[in-house]
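These two chains come separately, so use the hints to put the complex back together.
Next come the chains, spelled out residue by residue.
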Amino acid sequence: MCSIEHYSMFEVSTGTTTSMAIKRRHVDHWDPPNDSLSDEPEDILEDPIQQLPRLSRMKLDSRSWVDKYCPANSRDLCINPRKLKDVRTALSNMITGELNCRLLVLSGPSGSSKSTTIRCLAKELLLGKSNTLGGLVEFLDTNTADGALPMQFPDFLAACRYHIGSNLSVILIEELPNIFHAETLFRFRKAIKEWIFSAQDIPMPPLVLCLTELDSLSERDSRSYNIENCLTVETLLGKDLLHSASFDNRIQRIKFQPIAKTYLAKTINHICSAEHIRASKSVVQSFCESGDVRSLINYLQFWVGSKGNFSRFQTGRENQITLFHAIGKVIHSTSDMTGYDHDFSHDFHTIKNVMENYHDINLLLLGLLENYTIYNGMDFETSRAMAITESLSLSDTFGAVPEFKEYALLATRLELANVKAKGPPSTMKFPRQFRLQKEQNKVSSEISNYRRYIAKLQVLRDDINLIDGNLVPKILNSFRYKMAHDVSKEQYQRVGGAFKKLFAEETPSIMENEDEAERGNEDQFRSDINEIARQEDNNKEDDDDDLSDAIENSTDEEDLEDTLDEQFLAMTQQRTQGSVTPKITIDNDINNDDDNGNDEDMQDDPELDFLVSQGIV
Amino acid sequence: MSLWVDKYRPKKFGQLTFHPQITDSLKSLAATGDFPHLLVYGPSGAGKKTRIYATLNELFGASVEKLKIDVKTFTNASSKKLEFNVLSSPYHLEITPSDMGNNDRVVIQDLLKDVASTEQVDFSNPGKNGVKHRFKVVIINEADSLSRDAQAALRRTMEKYSANIRLIMVCNNISNIIAPIKSRTLLVRVPAPSVKEIGDILLHIALKESVKFSSNDPEKLRKYVDAVARGSAQNLRRSMLTFETISMQLELLNVDNLSSATIVLDWEVIIQNIALSLRRDKSVANLAKLRVTFYELLSHCIPSRLILKTLALELASSETSHCRELMETAAVFDERLSLGLKAIFHLEGFAAKAMVIMS
Numbered sequence: 001m002c003s004i005e006h007y008s009m010f011e012v013s014t015g016t017t018t019s020m021a022i023k024r025r026h027v028d029h030w031d032p033p034n035d036s037l038s039d040e041p042e043d044i045l046e047d048p049i050q051q052l053p054r055l056s057r058m059k060l061d062s063r064s065w066v067d068k069y070c071p072a073n074s075r076d077l078c079i080n081p082r083k084l085k086d087v088r089t090a091l092s093n094m095i096t097g098e099l100n101c102r103l104l105v106l107s108g109p110s111g112s113s114k115s116t117t118i119r120c121l122a123k124e125l126l127l128g129k130s131n132t133l134g135g136l137v138e139f140l141d142t143n144t145a146d147g148a149l150p151m152q153f154p155d156f157l158a159a160c161r162y163h164i165g166s167n168l169s170v171i172l173i174e175e176l177p178n179i180f181h182a183e184t185l186f187r188f189r190k191a192i193k194e195w196i197f198s199a200q201d202i203p204m205p206p207l208v209l210c211l212t213e214l215d216s217l218s219e220r221d222s223r224s225y226n227i228e229n230c231l232t233v234e235t236l237l238g239k240d241l242l243h244s245a246s247f248d249n250r251i252q253r254i255k256f257q258p259i260a261k262t263y264l265a266k267t268i269n270h271i272c273s274a275e276h277i278r279a280s281k282s283v284v285q286s287f288c289e290s291g292d293v294r295s296l297i298n299y300l301q302f303w304v305g306s307k308g309n310f311s312r313f314q315t316g317r318e319n320q321i322t323l324f325h326a327i328g329k330v331i332h333s334t335s336d337m338t339g340y341d342h343d344f345s346h347d348f349h350t351i352k353n354v355m356e357n358y359h360d361i362n363l364l365l366l367g368l369l370e371n372y373t374i375y376n377g378m379d380f381e382t383s384r385a386m387a388i389t390e391s392l393s394l395s396d397t398f399g400a401v402p403e404f405k406e407y408a409l410l411a412t413r414l415e416l417a418n419v420k421a422k423g424p425p426s427t428m429k430f431p432r433q434f435r436l437q438k439e440q441n442k443v444s445s446e447i448s449n450y451r452r453y454i455a456k457l458q459v460l461r462d463d464i465n466l467i468d469g470n471l472v473p474k475i476l477n478s479f480r481y482k483m484a485h486d487v488s489k490e491q492y493q494r495v496g497g498a499f500k501k502l503f504a505e506e507t508p509s510i511m512e513n514e515d516e517a518e519r520g521n522e523d524q525f526r527s528d529i530n531e532i533a534r535q536e537d538n539n540k541e542d543d544d545d546d547l548s549d550a551i552e553n554s555t556d557e558e559d560l561e562d563t564l565d566e567q568f569l570a571m572t573q574q575r576t577q578g579s580v581t582p583k584i585t586i587d588n589d590i591n592n593d594d595d596n597g598n599d600e601d602m603q604d605d606p607e608l609d610f611l612v613s614q615g616i617v
Numbered sequence: 001m002s003l004w005v006d007k008y009r010p011k012k013f014g015q016l017t018f019h020p021q022i023t024d025s026l027k028s029l030a031a032t033g034d035f036p037h038l039l040v041y042g043p044s045g046a047g048k049k050t051r052i053y054a055t056l057n058e059l060f061g062a063s064v065e066k067l068k069i070d071v072k073t074f075t076n077a078s079s080k081k082l083e084f085n086v087l088s089s090p091y092h093l094e095i096t097p098s099d100m101g102n103n104d105r106v107v108i109q110d111l112l113k114d115v116a117s118t119e120q121v122d123f124s125n126p127g128k129n130g131v132k133h134r135f136k137v138v139i140i141n142e143a144d145s146l147s148r149d150a151q152a153a154l155r156r157t158m159e160k161y162s163a164n165i166r167l168i169m170v171c172n173n174i175s176n177i178i179a180p181i182k183s184r185t186l187l188v189r190v191p192a193p194s195v196k197e198i199g200d201i202l203l204h205i206a207l208k209e210s211v212k213f214s215s216n217d218p219e220k221l222r223k224y225v226d227a228v229a230r231g232s233a234q235n236l237r238r239s240m241l242t243f244e245t246i247s248m249q250l251e252l253l254n255v256d257n258l259s260s261a262t263i264v265l266d267w268e269v270i271i272q273n274i275a276l277s278l279r280r281d282k283s284v285a286n287l288a289k290l291r292v293t294f295y296e297l298l299s300h301c302i303p304s305r306l307i308l309k310t311l312a313l314e315l316a317s318s319e320t321s322h323c324r325e326l327m328e329t330a331a332v333f334d335e336r337l338s339l340g341l342k343a344i345f346h347l348e349g350f351a352a353k354a355m356v357i358m359s
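Protein sequence lines correspond, in order, to chains V and G.
The first sequence finishes on residue 617 if you use full-length UniProt numbering, and the numbering steps up by one all the way, no holes.
The second sequence finishes on residue 359 if you use full-length UniProt numbering, and the numbering steps up by one all the way, no holes.
Just chain G, same shape as in the assembly (with noise of 0.2 Å):
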């Protein structure tokens, strides 16, 4: 199985065609041979994950690609076994909290610990390249999705280890992050790629996968590939798999019919019809009728911020009058999802609120 997204995924910096100013940092932060721990950031689907590769793939060559999966154990407090993935390379390994659980803390703890101390015993014979790579990358994923239990312990753990272990943490966003982290780290903020340098990859994709067009008028391509781009909400990833999907659906791709370059993706549709059905139908039945939408969508694990977000603008982008209040009570229902411990609360509080507002 092998998608374009991971097929035309640049390995190398050369290869790697928006954010030059980022990527020209990098080159030159790669070329010390070492750099200070780092905080990748920046909406999914820009390329964050991709430049942490090439950074890697320049410091420590082709052998990052390498990667295998495997399963660390760690046992908790209450002397309970945990076991998670790891994957890893010889130079560097990867994590993701969320696999983790609750046991985040002890888990970077112990695995930090252990890749430090792993590490000092090869340092004993060095190679006949000298110390040059004396560290071990570990790459933390959803590093907002740490708990601050865990946030803590790494401040610590990234000064005492600083020697062995060189972390880069990646994140869509850096406001759950704690101050003590975001000053011991160089922040690279990683922007969405804009409509056109989408519109690029694309073409050149469509190009290498012969993909037929209706026309070949580049102005008319152009407007095709950055509906694709724009209905995909400017992320790469899913502008890529949407055209891949597109492509493969259709024999021949109507350049005309910029409509069909866009998929609205399940979970979006779901709440469109939320949206409308609040719109139409202000009653208290209705309330009751879409408390199982709400729920459907939970049950998907669907993110219940991005549920309460998705809703609220979907809401506010047909009631302009109330966009404020809407907005606003959002906001409101945001902090509680956050706080609280079960969504369906906060989301059936503000779809009645919803109501009220535009009533």
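So that you can see chain V by itself, here it is in the shape it has in the complex (with noise of 0.2 Å):
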């Protein structure tokens, strides 16, 4: 019966997935973790590995140590007790209702204890208050099989608002629907918007959401950051929904960060010593890398239960950092010395470790082009920035041999390894490349316009961006043009837009809402391609001897005629766009993701929309 105890133990600690459901299923019913010290008193030995032949006769609890040490209430979390005060102080406003606040988003990396944190202060909030067992109501993705799938989540929050009074209880998202899918995310976003928007004086429970975000999670479709590579509180609930709700402090924001070692350390020694286990501080050092509880937890109970003969290299979680770490790690070098080997120096040993923990080195070589500057704040030799951008560069003209990238990291490394003074850096920046293929695609698509339109295909495109495009607004522009043609119409501008100044941000930009900058300045040039795309249409249609074979072009711009038919332009922008992205089907579905969250904006300006997309296709 031991050994059989001792599998099952095994199988939930293997994968994150199947503890996390355990997890979930107990949810459900709470109930307080047991206190297994009285099992077993008297099993305490010097080395933990000596004392495992005991250990697998003990009489074991089959639940995972995950579960069986969940914290029962919030003095045992393992998290910054400052942190605790903020979410405690913000959830206990939104029960007694005193603020504004609607909707309370807590973000950060997995096993930073969010959901824990909130179990805990609902429990201990809503205690006495309300009937409700542990004080918790949490969306379940797969738990509503009636109805269509897309409205699982706004039935689910409908239903929700009655949680109040005797009943009430904290709704806690931590699940999401199939956001992936473009109408479950534009009915996810409505209902949070309307949940939030509700009036003021209507009782509502406190809704929490719970989001672990995922820093790019693929590397397929690298050229925009949008809600498919990359699951973050802005690209879920919209650029537009997080503005409007700021004004009144609707959405409350808390961030986690990974856990410190020193919380983790306490909460491994409490394990420990409630397991019996005497573990050497070098040895609860070692697990305290992760910032990751859950899955600390997990390698302490597959350490102990495997008679501590895997080594934690093997099995620890894969430190997956970010883009910023990465580049504070190039830049910075590390302090991390996990299987430091002293043959090789120590610049060599960081820049392996970011290699093998961080796989997008295209958008790191970036990072590191943009940020090399802060470091000793801006002040170090030029020589050096030389021999930086030469390496940059160099690994730039390489291709996709990542021996190369790594060159490049290296020599960056080194270079600043040198600079003797250390001063403070300066803040890192988010690489500005995707915004410059934002305005690329931008002004190039406003050239093919005009090309097209005005220029009639007779002059060469470098030719209307260098020549044309700056010196004929000025000739058009002109009071003496304008007597000469009797014409009297607006300021043209430069063609594709003036000359902007691309700042680097602190966050990736999010690709929504496109056309938001452009909807302010209207251009003269602009309204004449549209003047002229509308004319040439309806020539097209009186012109029955046209023989040519423009059958696509004459029904896209019989669309643009139809500048009032909203709906069904919609419907034409999501057939072009959804065709820019040579995917398969499934993809497709990901792609139309961020068409229909932007349906709102698109309908403002449809007709300048559509030449963009036009334009991009």
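In case anyone wonders, no lab produced these hints; they're calculated from the structure.
These numbers come from a predicted model, not from an experiment.
Hints should not be assumed to be uniformly reliable.
Derived lysine-lysine pairs resembling DSBU-like cross-links, with alpha carbons at most 35 Å apart [to be verified]:
1) V/K255 <-> G/K342
2) G/K208 <-> V/K456
3) V/K482 <-> G/K212
4) G/K342 <-> V/K456
Here are some, though not all, of the chain V residues that point toward chain G, as calculated from beta-carbon distances under 10 Å [said to hold, decoys possible]:
5) I374
6) R451
7) L457
8) D463
9) L466
C-beta atoms are modelled at their ideal positions from N, C-alpha and C, and glycine is treated no differently.
Here it is, written out as structure tokens:
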């Protein structure tokens, strides 16, 4: 019997997904973990490895330790007390309804005690105020089989409105509906929006969203940042929603960090003493690297269960690092000396570590270019800057061979390692490449439109951009030209828009609402282009002799005509945009996602949008 | 919207003013009723297209001026539909590879095949003029931006359909055109017009448009229009646009003020400022600041190699003692710009190196 128990324990601890599932199940009937201290009172040994044969004879609890040692109250939480206080204040304000806040968003990496904190606090804060057990209602994607899938979340949220009064519960959204599906995401945002903007005097239960933020899920389409490859609060809820809710603080955001070693060590020591394991300080230390308390406990359990004979490096959670983290390591060198091999230099080790743990090296190189100048408050020799940019430039020419990319990282590190003075670094910036591409697309589509409708394809693109783009507006804007041709039109802008400085930002810009900035400045060229396009379209319809095979075009231009028929246009948009990326059908679903979220904006200025999208195609 | 540059564009051989030799050889070529594939090259604003259209006019008559825009659709290998615009008359087509993006090979092949086969149908019942013009002309603009792939495909197509199609390829520089194509075409170089030739044209326009000058002294007028030509780097298109801009903005052109005769284009101003800043402040902080400006230029689709070239020349002209090193460095980074993917690495690399060279 003992051995069977043992196996099941193994199974649970090997995969995070399994343990997550089990964790969920426990939510439904909230029971505090047993105190197993009384089971085996005398088994304290010097070395955990020697102690193991005894362990297997122990009467084992079949639950994984993650559940077994799930904190029963907020005092035991493995979290910075200040963060706990923040969340407690926010949540109790929501329960009493004192402030406007309707949605509390907790974001952070996995295993940083987000949902556990909410669970503990919900129980404590609602004690005596509500009859519900645990004080928590959680959205589960699978538990409502009836109804259309995209409507599950709105239905759930609508039902939750009645968890007030004596039924008061905290509503927790941890599991998300399939937000990669356009319709579902749209419904999700809409439901949240309605919730947030419900009238102030209606009592509502506190709504909490726990989001494990994921950075660049895939490299496939690294042209832009959107929900497809980057799940963050911004991409999930949408900029519009966050922006409109920020005026009267209807959404409160609390960011969680990976858990600090001190708190992890405390938890480990607690578990060790409860399980009667005496782990040396170095072992505890080595466990505390990842900052993920869940995986940490799983590994601890597995380590003890496997008689301590697998090394931490084989199984330790791979420390996936974020872009900024990776840039920081290259620029400032690392302090993490895991597996430090003394045959090689410290810098070599740093780069090896980064190469192993960060996958998008091209983005990293762009990030380095953007950020190498911050080292030592921008105060070092230009010859070093030259060497760094030289290596970055060289490695850009080498193509996809990873070794060559490593060269640039190593060169950057070595150059910066030789900078003597240590000043404070400036803040890191996100590479501008994505915004550059966005701008380029916009400019290039405007040039295409100008070339197609105004220059009638008779001027080359480069001539338009370099020469005509600057001079022609000057001519057209001049008083004498207007006099001579008896026209009174608005000012013409430079073709493709005025030159704009492109500053780096600290966060990746999110690729939605592409045309926000566009709406403001009306440009005469743009309206001319629209006018001509409309005329040509009319001519085409009159002209029956047209034997050219411009069938595709004429359908598209008919769409332009029907600007009033917004719905039809939105459909075309989806069609044209969907065809931008040559992907298999599953991906198209994901792609449309964005379009749907944008529908509202697109309808504001469909004609322009259509032109832009046409240009991109 | 009728600009002088369009209004005064010569339509026929007789109206062309400069490069009489080229005009004569094209004229004799057109007189035979047939011509080989052509590769016309030379700097922009030298009159390449004008000469090509004059040739077509001679061959086919004024109906080549009746241009219309067709949209052609193609399907590429991953069965994605592509659309692109073709400028056409009954006798010719004009295409630009930059409109087709990465699919230029498919488009070129399909389009030429399409044109070649439709022509054959037309020839089954020849008109009363017999089979005089049994070919259709395809003009390929910016031929140097065709991918290697497309050029290789073109080479086969040129031979296969030579009975029905004549190609006229237009580009600024033939260094990027593969040798087999150069060998299959008649190379026609159209050099930039001289300052005097541009000046003549501008004076002619000034007369026609009755532009008012502060003085009618022919010598001063000549100096003024020469300044316009020189300030526009002997690019006729740019000269004419500049001249029109100046005369539209000013009631009276002051021939004594030659500096008013040039317009530095907006992107050139930006690059000049980069050069100035590079020379003034050689620090890492300034590199970070200049990155913003480089991105500004790139985001406006200013070709990265042009940025590098303009910047290098700008720097070299003011730092004559370091001219050689600067040019050498620029050459290295110019190569990297064509090899690499992201221009910003190389532009900043050049800026950093230029700082070190100049300090």
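A quick look at each hint next to the structure:
{"no.": "1", "hint": "V/K255 <-> G/K342", "result": "holds, 34 Å"}
{"no.": "2", "hint": "G/K208 <-> V/K456", "result": "holds, 26 Å"}
{"no.": "3", "hint": "V/K482 <-> G/K212", "result": "holds, 18 Å"}
{"no.": "4", "hint": "G/K342 <-> V/K456", "result": "holds, 32 Å"}
{"no.": "5", "hint": "I374", "result": "holds, 8 Å"}
{"no.": "6", "hint": "R451", "result": "holds, 9 Å"}
{"no.": "7", "hint": "L457", "result": "holds, 4 Å"}
{"no.": "8", "hint": "D463", "result": "holds, 6 Å"}
{"no.": "9", "hint": "L466", "result": "holds, 7 Å"}
This entry satisfies every hint, going by the numbered hints stated previously.
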